[in-house]
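Participant: Listed here are the chains, written in short residue letters.
2 protein chains.
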Amino acid sequence: MSTATRYPTGATQTAQKIGIVGAGQLGRMLALAGYPLGLKFVFLDKSADAPGGQVGAIIPGEFSDAQKLGELAAAVDVLTYDVENVPVEALGDIPRHKLFLPPVAALATGQDRLAEKNLFRELRIPTPKFRTVGSMPELEQAIQEIGYPAVLKTRRLGYDGRGQRLISSPAELGSAFNALGGVPLILEEFIAFEREVSVIGVRNRSGETAFYPIAENLHSDGILRHTIAPCVDKQLQKPAESYARRVMHHFDYAGVLTIEFFVRQGRLIANETAPRVHNSGHWTIEGAVTSQFENHLRGILDLPLGDTSALGYAAMVNFIGELPPPATVLAIAGAHYHDYGKQPRPGRKLGHATLVCKTRKQLLAQLRKLPGAVRT
Amino acid sequence: MSTATRYPTGATQTAQKIGIVGAGQLGRMLALAGYPLGLKFVFLDKSADAPGGQVGAIIPGEFSDAQKLGELAAAVDVLTYDVENVPVEALGDIPRHKLFLPPVAALATGQDRLAEKNLFRELRIPTPKFRTVGSMPELEQAIQEIGYPAVLKTRRLGYDGRGQRLISSPAELGSAFNALGGVPLILEEFIAFEREVSVIGVRNRSGETAFYPIAENLHSDGILRHTIAPCVDKQLQKPAESYARRVMHHFDYAGVLTIEFFVRQGRLIANETAPRVHNSGHWTIEGAVTSQFENHLRGILDLPLGDTSALGYAAMVNFIGELPPPATVLAIAGAHYHDYGKQPRPGRKLGHATLVCKTRKQLLAQLRKLPGAVRT
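Top line first, the protein sequences correspond to chains B and L. Going by our numbering, the residue at position 91 of the first sequence is 91; the numbering climbs one at a time, nothing skipped. Going by our numbering, the residue at position 232 of the second sequence is 232; the numbering climbs one at a time, nothing skipped.
One chain only, chain B, in its complex shape:
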């Protein structure tokens, strides 16, 4: 598939106005990274006081509103998104006459765990064993093939919910199915992982690629708590890049792509993709030569990609539900503070801090001082 046929004509390298579907913190940080490049930003978001609205214009509307999506498309040169749950059908034929990047196919695949797992398999990227489940008999058959424990998940993210249930014994089959039932499901092998890592790659429309050092992530309650980069397992860098490169090549990708992996017995097992800038890449703002946000924009505008090297060792800690006072964070040597300008709410990502140090040892020592840091 050549670039010439793939992208609508009229797309220029010097596009000045970027439309972003979603004005969350990712969109806000994209805009902050893009102003120095001379870009302007318009967002589509249902909330007029979303974080992006403080740094760009917001067209108020739902991501599923085809008319609003059309309005955004008409106002800009290039479209991108900061959310994964943009309904592909609502986009209609927008991507045929306006640059919409990363490509719709990557967006659609990231929305369906089955498509994602099939893609991993097709591209020979290791992934947990999986079976589709549409009924209780199918679940019973699937668990026989996969074994206990296993994880039953809804296939689609976003609007359909992010539900998942761990199934450890036959007694839990029925309750898990009923809790998630009524929508297409997938049963996945449970991976007893040693750690979770992510790779962030970027590709421009001309096919140039670059990869950040892989990062180690700590989740709890389904929310990313902290990221440390580069990950100590240096030997995972090459396979992670190879897997990300395969996915990007497959989609003739442009922009940032994230793949999250489990690490088991020192090997990568792909869990999911995100066709966008990612929370596990926030450390790149101060911790890498070029941030993931700037590189995403360079990628979709077909500019030369920026250096993805780390400037030392970085840690990113999410502030969830409440923000510590800036003075507390900024008093820590090497700390940077990010307030997304949101109203506090339990479980909501309100901001983050990044620590950058010369050595990993210094980093771990400083990390202990940071409010909200998880003890490791």
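Just so you know, these hints were derived from the structure itself, not from any lab. These numbers were taken from a predicted model, which means no experiment stands behind them. Among these hints, one or two may not hold up.
A pair counts as met if it fits within one copy or between any two copies, since identical chains are not told apart.
Below, in silico cross-link-like pairs of lysine-lysine (DSS-like), each with a Cα-Cα straight-line distance of 25 Å or less [as the list claims (entries may be wrong)]:
(1) Lys40 / Lys17
(2) Lys153 / Lys358
(3) Lys40 / Lys342
(4) Lys153 / Lys17
(5) Lys358 / Lys68
(6) Lys349 / Lys17
(7) Lys358 / Lys234
(8) Lys358 / Lys46
(9) Lys342 / Lys68
(10) Lys369 / Lys358
(11) Lys68 / Lys153
(12) Lys68 / Lys46
Given chain B, put chain L in place with the hints provided.
Facilitator: Structure of chain L alone, referenced to chain B:
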């Protein structure tokens, strides 16, 4: 002078809205640095499409309009400025009931070459010999004391013009006086300098100070062309910091202060001060741990100051009159691009690029590739 008496009551460390008099590129870069700290920005500028207007609200008006200044003050928690020519008299009593930083006294001193030179002398900071000149007889007397060559300058900047004339012989006295006459003047010793350097210091309201490595600046036609930091003359760092510290202490300063120096026979001779972030500090965005813009905000909000260490060797090149295409600049390893979002006009600063390299040798090699770079 204690901080308690100096600053109006009601000033809080967690102020959320910053008013900036002037919405030029400096104001724009202040806002871009301030959003991650959770701040919001309102500008006062006569031009509704000034660079800052793309990243914050603009109150349209002249800096000399007391009513508009009052409107800005009423809308924000803390006032600062990105221009030196805010008429102090137009501010009226605003600084008595609203935080206005850096202090008005520093602003006023920076606007008058005589006050500035007297301050240098008072604080025992080496500065060129100078005499005030109000008439032709005074000029004749002054040149006898200072000798040829000497530079005749208008005392006040901004609205009164930035005119200056080099006087190399008695025959030039009359024409120089007539060209600049009618306003208060100052005659200064001409310094045959080896190089020009600047120090950028920052102080918070609690008195904490920090200093960036001094930078070497190249001017032509009165406009800064490029900056290289850190400067090779490491032994100048200590005296530069000492001089900046004296000025900041004198004013019970908060925010960023710049002092430009000539270097003659390896010694610093202070030329002028700027009570604000400075073009010669743009390299700190990517070339230092914390940028001058973020540190200015930390200073005026009385937050702990950020690390001012350089991340290697940096060069900043101004784009004057025209911008090179971003792709040309971004293809250079270590290059970052800044487009201020201005309409092109001859002699106008439209943007800059920063190069960051591990060694000075690499930096100078990369610098040669950059469009607009002056050959050194």
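Participant: Please go over all the hints and tell whether each is borne out by the structure.
Facilitator: Now for the hints, and whether the structure bears them out:
For the homomeric pair lysine 40 and lysine 17, the shortest alpha-carbon distances inside one copy (5 Å) and between copies (22 Å) are both at most 25 Å. With identical chains, the CA atoms of lysine 153 and lysine 358 are never at most 25 Å apart, being 41 Å at best within one copy and 48 Å at best between copies. Taking CA atoms no more than 25 Å apart as the test, lysine 40 paired with lysine 342 passes in both settings, with 22 Å inside one copy and 12 Å between copies. Proximity of lysine 153 to lysine 17 under the C-alpha cut-off of 25 Å is found in neither arrangement, the shortest distances being 38 Å within a copy and 45 Å between copies.
Taking the closest pair of Cα atoms, lysine 358 and lysine 68 never come within 25 Å of each other, the shortest separation being 47 Å inside a single copy and 47 Å across copies. Taking CA atoms no more than 25 Å apart as the test, lysine 349 paired with lysine 17 passes between copies only; the shortest distance there is 22 Å, against 27 Å inside one copy. Taking identical chains as interchangeable, the C-alpha atoms of lysine 358 and lysine 234 lie at most 25 Å apart whether they share a chain (17 Å) or sit on different chains (23 Å). For the homomeric pair lysine 358 and lysine 46, neither the shortest alpha-carbon distance inside one copy (42 Å) nor that between copies (45 Å) is at most 25 Å.
In this assembly of identical chains, the alpha carbons of lysine 342 and lysine 68 lie at most 25 Å apart only when taken from the same copy (23 Å versus 30 Å across copies). In this assembly of identical chains, lysine 369 and lysine 358 lie within 25 Å of each other by CA distance solely inside one copy; the values are 17 Å within and 30 Å between copies. Taking identical chains as interchangeable, the C-alpha atoms of lysine 68 and lysine 153 are never at most 25 Å apart, the minima being 31 Å within one chain and 59 Å between chains. In the homo-oligomer, the alpha carbons of lysine 68 and lysine 46 lie at most 25 Å apart inside one protomer (10 Å), although the nearest pairing across protomers, at 34 Å, exceeds that limit.
Figure legend: structure checked against the earlier numbered hints; hints not met, in rising order: 2, 4, 5, 8, 11.
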